[in-house]
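Student: Sequence:
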Amino acid sequence: MRFFIPLLLLVAAALARNIDDEVHHKQNRFKDRDHLHIGADAPPMMKLAADGQLRAVEDSEYWNEKCQQELKDQLAVTPIVSQAKNVIFFLADGTGVATLTAARLLKGLRTGMYEQERMAWDLFPYSSLIKTYNTNNQVTDSAASATAYLNGVKGNQATIGVDANVQRGDCQAMNVPEYRTQSLSKDFQDENKSAGIVTMSRVTDASPAGTYGHTADRNWESDSDINDDGEDTELCDDLAEQLVLNEPGSKFKVILGGGRQKFLPEGVDDPEEEDQTGRRNDGKNLIDAWLEGSSSMGNATYVWHKDDLLSFDAASTNYLLGLFDYKDMSYAIDEDASNPSLEEMTRAAIAVLQKDSNGYFLFVEGALIDKANHDNEASSALEEAVEFDKAVAAAVEMTDESDTLIIVTADHSQPMTINGYPALHSDIRGVAGVSDVDDIPYLALIYTSGPGYREQTDGVRPDPTEEGYEDPHYVFAAAVPREASTHNGEDVILYARGPHAHLFTGNHENAYITHAIRYAACVGDGLNFCDEKVKV
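Counting along the sequence shown from 1, when you hit position 386 you're at 376 in the working numbering, and nothing is skipped either side.
Because the hints were derived from the structure by calculation, they are not lab data.
A few of these clues could be false.
[Said to hold, decoys possible] Calculated cross-link-like contacts (lysine-lysine; reagent style DSS-like; alpha-carbon spacing at most 25 Å):
1) K361 / K241
2) K296 / K345
3) K296 / K380
4) K361 / K345
5) K361 / K317
6) K380 / K345
7) K241 / K97
8) K317 / K274
9) K296 / K361
10) K37 / K56
11) K121 / K56
12) K97 / K380
13) K274 / K241
14) K241 / K296
15) K361 / K97
Predicted model only: the values in this text are computed from it and were never measured.
Given the sequences, and given the hints that come with them, work out the whole structure.
Tutor: Following this line, the structure appears as structure tokens:
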């Protein structure tokens, strides 16, 4: 008997190693169908029980204990019913449930928590489903969506900061005062609070523009864009000009992102990109204009390189502008030395804004998740989602749940799907199985539309394992050919923590988000917690 137990332990260890090998190296043996453990054939994790028998790790005892603890945690949740001094609005652009799930699986693969990993927002006590349609399309774009969740009013596709009376390209209508909507940024400023924006895209892109802009066309980011459309730049202000010269943008304490070309005039060299100059036709240098205007209100700092952002003095800075790229900022996997991460920009923004004793509103966008999904670059999209998770975790770390409402949501979904029956603990970016029709492998991640569409040769589907799918910029397969993927129209998830986070349960319109935030923070028009408290 004394030899039996050690022998059994050796057998168990060998079996565990074999199971691990099957899970992690299955993709290299896909052509041998008998050795590809997919779906019901995949072995569970095993352990040596006290009675000397091999048993499943995740058995009844395991799941009962785990879920009882989860129930206790949920029962302990109590709403925080007090004014939200600060609000941080995190937007994971183009991030539907599939992208969220796949990103969690990728993070779990790296941490060893696998399927049971949790993103920062998974720890938030409240969540809701959000409807994303706009006033003329069932499937929204980022512009109309931004108007809804940042202004509380749904609008038409491609318009920002205006209601449904303004159609795309209607330069005159966008200037009608009663058609213009008011953003949360302005609401906070009206209560003597601060506001700021952080994005991985151009700061004049559709989503961040929802915090300050009013335009009939999301593409009118500079005056040259308006000129290209044959419109009157004297009548229609471009978004870069609105951000720097008009309220509420001109009073933003923090502006961090990309898009220098929209702020520099023609003939002025970009500080980083060789042979690139500004795109403005009007001769205005809006970076200089920002420095002049902000310096008149306090200490202003402009940076365009990561090193400068990481070394600036937040304590002595009242206004911070960072434009880190000529166009959009770079993907994290491309490791652009001049680009700070979303986490680093978020930390810098909070460091500046939290000095305001009255409170602040901060909008943070993980913009490149959407852009990678549009290109069917699933690996890049998931890396950006993991970076987004780091930024949310940083905000949680730097703030107090008792006075800061943090919201995490998306403006719309993207057509990524998780399919097949990947083995437990496998890489979600890899092979899910072999088709029982054409006997060719397929990946776990596939898009319904986009540039990943493959033409079949002689009726044979391309084999992804022969295309280098491990490349971080690999273009995953798509069902319908398009230059870029469409958006998806299903509801997206919203997560919330902090004061009045309990208002975000059930199913809501995306425009509802603004109204709930106004209530929680006691800003803007409509129902107001502070007023309601007085009534009681």
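Student: Indicate, hint by hint, whether the structure satisfies it.
Tutor: Here is how each hint holds up against the structure:
{"no.": "1", "hint": "K361 / K241", "in the structure": "29 Å, violated"}
{"no.": "2", "hint": "K296 / K345", "in the structure": "22 Å, holds"}
{"no.": "3", "hint": "K296 / K380", "in the structure": "17 Å, holds"}
{"no.": "4", "hint": "K361 / K345", "in the structure": "33 Å, violated"}
{"no.": "5", "hint": "K361 / K317", "in the structure": "13 Å, holds"}
{"no.": "6", "hint": "K380 / K345", "in the structure": "23 Å, holds"}
{"no.": "7", "hint": "K241 / K97", "in the structure": "38 Å, violated"}
{"no.": "8", "hint": "K317 / K274", "in the structure": "18 Å, holds"}
{"no.": "9", "hint": "K296 / K361", "in the structure": "22 Å, holds"}
{"no.": "10", "hint": "K37 / K56", "in the structure": "17 Å, holds"}
{"no.": "11", "hint": "K121 / K56", "in the structure": "32 Å, violated"}
{"no.": "12", "hint": "K97 / K380", "in the structure": "11 Å, holds"}
{"no.": "13", "hint": "K274 / K241", "in the structure": "19 Å, holds"}
{"no.": "14", "hint": "K241 / K296", "in the structure": "23 Å, holds"}
{"no.": "15", "hint": "K361 / K97", "in the structure": "20 Å, holds"}
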